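Undergrad: Sequence:
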Amino acid sequence: MNRKAPVALTIAGSDNSGGAGIQADLKTFTRLGVYGTSALTCIVAEHPGRVSRITAVEPRMVAEQIKLVFEAFPVGAVKTGMLFSSKIIEQVAKQLGKRRGLEAGGGSCDGGDERGGIAQARRGAGDGQVFVSQSNSCDSESG
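In this note's numbering, the protein residues as written are 3 to 145.
It is worth saying that the hints were derived from the structure and are not from the lab. Careful, some of the hints might be misleading.
In silico DSSO-like pairs for lysine-lysine, Cα to Cα no more than 30 Å straight-line [claimed, not checked]:
{"hint": "1", "residue 1": "Lys100", "residue 2": "Lys29"}
{"hint": "2", "residue 1": "Lys100", "residue 2": "Lys69"}
{"hint": "3", "residue 1": "Lys100", "residue 2": "Lys6"}
{"hint": "4", "residue 1": "Lys69", "residue 2": "Lys6"}
{"hint": "5", "residue 1": "Lys89", "residue 2": "Lys29"}
{"hint": "6", "residue 1": "Lys69", "residue 2": "Lys29"}
{"hint": "7", "residue 1": "Lys69", "residue 2": "Lys89"}
{"hint": "8", "residue 1": "Lys6", "residue 2": "Lys89"}
{"hint": "9", "residue 1": "Lys96", "residue 2": "Lys29"}
{"hint": "10", "residue 1": "Lys6", "residue 2": "Lys29"}
{"hint": "11", "residue 1": "Lys69", "residue 2": "Lys96"}
{"hint": "12", "residue 1": "Lys100", "residue 2": "Lys89"}
Please read all numbers here as calculations on a predicted model, not as lab measurements.
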């Protein structure tokens, strides 16, 4: 890791085609000179034009990933993608709520511009604030 590069955390699903989700976020972070870390919320089996299956990661596992990233890295920005369920959203909110100066923006499950969300993620000017650019839920779980 380049210790001088800013660090961002993406919390999102995995897109095996590489065109969206954590894979796309990490590619974009790299192009912007940002060291990318991640917390996986779900695994999506898809190709362009067809989603075959989505399996959620256990909410406590999502929380553990976030906790450990913040323990090990000086995270300056958080970007969320598909959080999948209300239970995962609760765990993400709990973990991010422990971070000083957190502000959350809005988003939708039906599409939105992922690049815009990443570009908006930023670190407050030397004050340790963390900004969340996007918050998506594709809740298919009951409850």
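Undergrad: Are any of the numbered hints broken by this structure? If so, which, sorted upward?
TA: 8
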